[in-house]
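S.K.: Listed below, chain by chain, are the residues.
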Amino acid sequence: MKAIYALYVRPDSAQRAVNALRSSGFKESDIAIVSSEPLEEYEFGQRDRETWMPVIAVFGGAIGLTTAYLLTSLTQMSWPLNTGGMPIVSLYANMVPLFELTMLGAVLATVATLVVTARLGRRGIEIYDKEVSDGKILIGIRNPPDEAIGDLEQAFGKAGVGVVKKIP
Amino acid sequence: MNPGTDKKLIEDLLHPLLHTSAKFYLAVAFFGSIVLVGFATWAYQVVNGIGVAGINSPVFWGFYLVNFVFWIGISHAGTLISAILRLCNATWRQPVTRCAEAITAFALMIGGMFPLIHLGRVWLFFWLIPYPSERALWPNFRSPLVWDFFAISTYLLASLLFLALPMIPDFALIRDKTTGLRSKIYGMLSMGWQGTPKQWHRLENAMHIMAIAILPIAISVHTVVSFDFSMAVVPGWHSTIFGPYFVTGAIFSGIAALIIAMAIIRRLLHLEEYLKPLHFQNLGKLMGTMSLLWMYFVFNERLTVWYGNESHEQGVFGAVQRGEYSPFFWTMVVLNFVIPIVILGIRRLRTITGTVVASIGIVIGMWLERFLIVVPSLSYKQLPYSWGTYTPEWPELTIMASTFAAIALLFILFAKFIPVISIWEVRVGTHPEMKAAETVAEGEAAGELV
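Listed in order, the protein sequences are those of chains A and B.
Heads up, the first sequence is in our numbering, so the first residue is 1 and it goes up one at a time.
Heads up, the second sequence is in our numbering, so the first residue is 1 and it goes up one at a time.
Misleading hints may appear alongside valid ones.
Chain B side only, calculated, beta carbon under 10 angstroms to chain A, not exhaustive [unchecked claim]: (1) Met-167; (2) Ile-168; (3) Ala-206; (4) Ser-220; (5) Ile-241; (6) Thr-430.
Quick caveat, the hints were computed from the structure, so don't treat them as lab data.
No residue lacks a Cβ here, since even glycine has one placed at the ideal position from N, Cα and C.
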């Protein structure tokens, strides 16, 4: 991937760089932002906030509950055992497996949604520089047009003290 | 974050991972050999039969079940506290949560071993797992022991995920800070994490949802453990308050274990700058509250039994309050209530040393409480002709000692390969508004309500 990016120490500078890129006409999807910590206090850190994760977790819980109900009731009916005079399918006594599998379903659905939507397990999804681990914030443009490189370098420089790098 | 501070933070927290001293090998050898002795003793018991343990008729549940309840209780330290603090957005939680979550995972692994150790024929343990046998016969889902399987395995899996997810950004940091094989391994563990806003939002969403889910799971686990007792019509067990009583005791002992672990890693890994007196004071206040709540349940439980004056209950009650088990009972009350209330109630005593002293007493006191729940009730059941006694044998004592060594060993290995304090969460704690909230918290701790 061809790219140009700048590394900033201060989030204010990173925000200014993002603003400058937007006013230069770059689309939100062209701008790469990478940081070593969540920066929700800044507007650029608010990007991609919307998620269906809570709904998917509830759906996962419903699948867990249904599975648990079928597991307990069908197996109890297939080999009826009288236990202490309880009904063969006893909802009170089945409540614990029902509850635990409901919660397990919700937890597993949440983790699966995280892995898929955060694109974990895939390499090189975004421009990256090891200096991000030192606390620097990477702001960049993927596949910039050659004629825009000069303007981009200027925009990055105006935003604040930062190191501008290119991926050929 | 200030670049200088950030560099120091990374150096301090990655130091145990990147530098190995002789002390590490000595500690691993010491605790590892005790754990090996424990496994050898278990093997001896498997070969010679469960009769080598002290359990007998009528006391079929002895130290193994006492330790099962004790370790499951200790496991409530972490995930529950961490989840509550996350949901409350407590600003001082950042350095505490990972340590707390690790205790949960390790204590659950150890606690979950005891039902297996207690089995005479451990090779048949899979009969607890819900699968159809060749005659399509499934486990009885109405049995509290099968409930245990569901509750503990759900809690263990959820706790491991709750511990592992916030490690991903730290694994990415270690990947970038190391070279060679180490960098490759941490690279795989980081699952390609980069730190885009989308990844941060999804991680925080996931942690929030899991914190909400894990609270009722944690409460259900110890309630289900209490059901192992309260569902049986045995004097001293068949009580409606056993669920909340067990949960309270579990959180109480869990906080104590967390304070001890934090104090040890603070000293050994030189993390004084991150694990501050404020953390011990706040956890100490929480522990003091739990001490009061615990005493409230003990009083309720005892008064009801004494007032009811039913003959079959009085055998157990007399043995615990005035008879052969009374030294254990009164020691438990002193360790779990008298000493903690004095230490944690007086601001000057609520220091790191003070909270650690109170915590050591509480861990011992809570073990005694588990012993007093399990053994006297089985010794004094309804019919006096079946009364008996119990003395643990060396295999039970050895295996119990090895579990304490096991948690120490697991923690040492954990601290060697994973930062015991979440680096990215500490970074978040330095953001201006977080810093302001922490200053307020420190101010409150300095001139607080006593």
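S.K.: The structure should be examined with respect to each hint, and the outcome stated for every one.
M.R.: Verification of the supplied hints:
no. : hint    : verdict
1   : Met-167 : violated (12 angstroms)
2   : Ile-168 : holds (7 angstroms)
3   : Ala-206 : holds (4 angstroms)
4   : Ser-220 : holds (6 angstroms)
5   : Ile-241 : violated (18 angstroms)
6   : Thr-430 : holds (9 angstroms)
Violation of the numbered hints given earlier is confined to hints 1, 5; the remaining hints are satisfied by the structure.
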